[in-house]
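**Student:** When we follow numbering that gives the first Met the number 0, the leftmost residue of the sequence shown carries the number 0, and every step to the right adds one.
Honestly, I wouldn't trust all of these hints.
Cβ-Cβ distance ranges computed for the label pairs, FRET-style [what the hints assert, rightly or not]: (1) K17 / R80: 17 to 27 Å; (2) L81 / I4: 46 to 56 Å; (3) R86 / G22: 30 to 40 Å.
Just so you know, the hints here were simulated from the structure itself, not pulled from any lab data.
No residue lacks a Cβ here, since even glycine has one placed at the ideal position from N, Cα and C.
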Amino acid sequence: MAKPIEKMGPHEILTISKKLFYGGFCLLPLLWIYNILYIWPVRNRNDLSPQVRRYVLMSAIMASLMFVVSAVWFGIFVSQRLNWGLRGDLLTVVLVKGV
0 MAKPIEKMGP HEILTISKKL FYGGFCLLPL LWIYNILYIW PVRNRNDLSP QVRRYVLMSA
60 IMASLMFVVS AVWFGIFVSQ RLNWGLRGDL LTVVLVKGV
């Protein structure tokens with residue numbers, strides 16, 4: 000059974016936070032959100048390294064940036080897909096018939 004994060008040592012928390020942060024770059028940006036939510040309750044412990052806070056902060060920045068990039072791409076794609084012709088159809092996962 001997994002140990003609760005409140006009972007983990009500072010080195011273990013740093014290792015987990017670092018792995019979650021770098022894992023977000025492997026096309027898994029939800030790991031950044033998980034890093035924020037998982038580490039948040041213990042981020043102000045006195046025995047933690049400042050690197051843990053940095054990984055949590057960078058995870059928040061990267062998750063926000065990824066959200067903005069995804070929202071902009073979605074807006075452009077939805078508004079311009081029909082103008083792109085065949086390329087727009089190739090990028091579409093589900094083709095809507097009758098449009």
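**Student:** Is it true that L81 and I4 lie within 46 to 56 Å of each other by Cβ?
**Tutor:** About 48 Å separates the Cβ atoms of L81 and I4, which means 46 to 56 Å holds.
**Student:** Note whether the CB distance of R86 and G22 lies within 30 to 40 Å or breaks it.
**Tutor:** Holds, at about 32 Å.
**Student:** State, for the Cβ atoms of K17 and R80, whether the hinted interval 17 to 27 Å holds or is violated.
**Tutor:** 39 Å, violated
Checked against the numbered hints above, the structure breaks only hint 1 and satisfies the rest.
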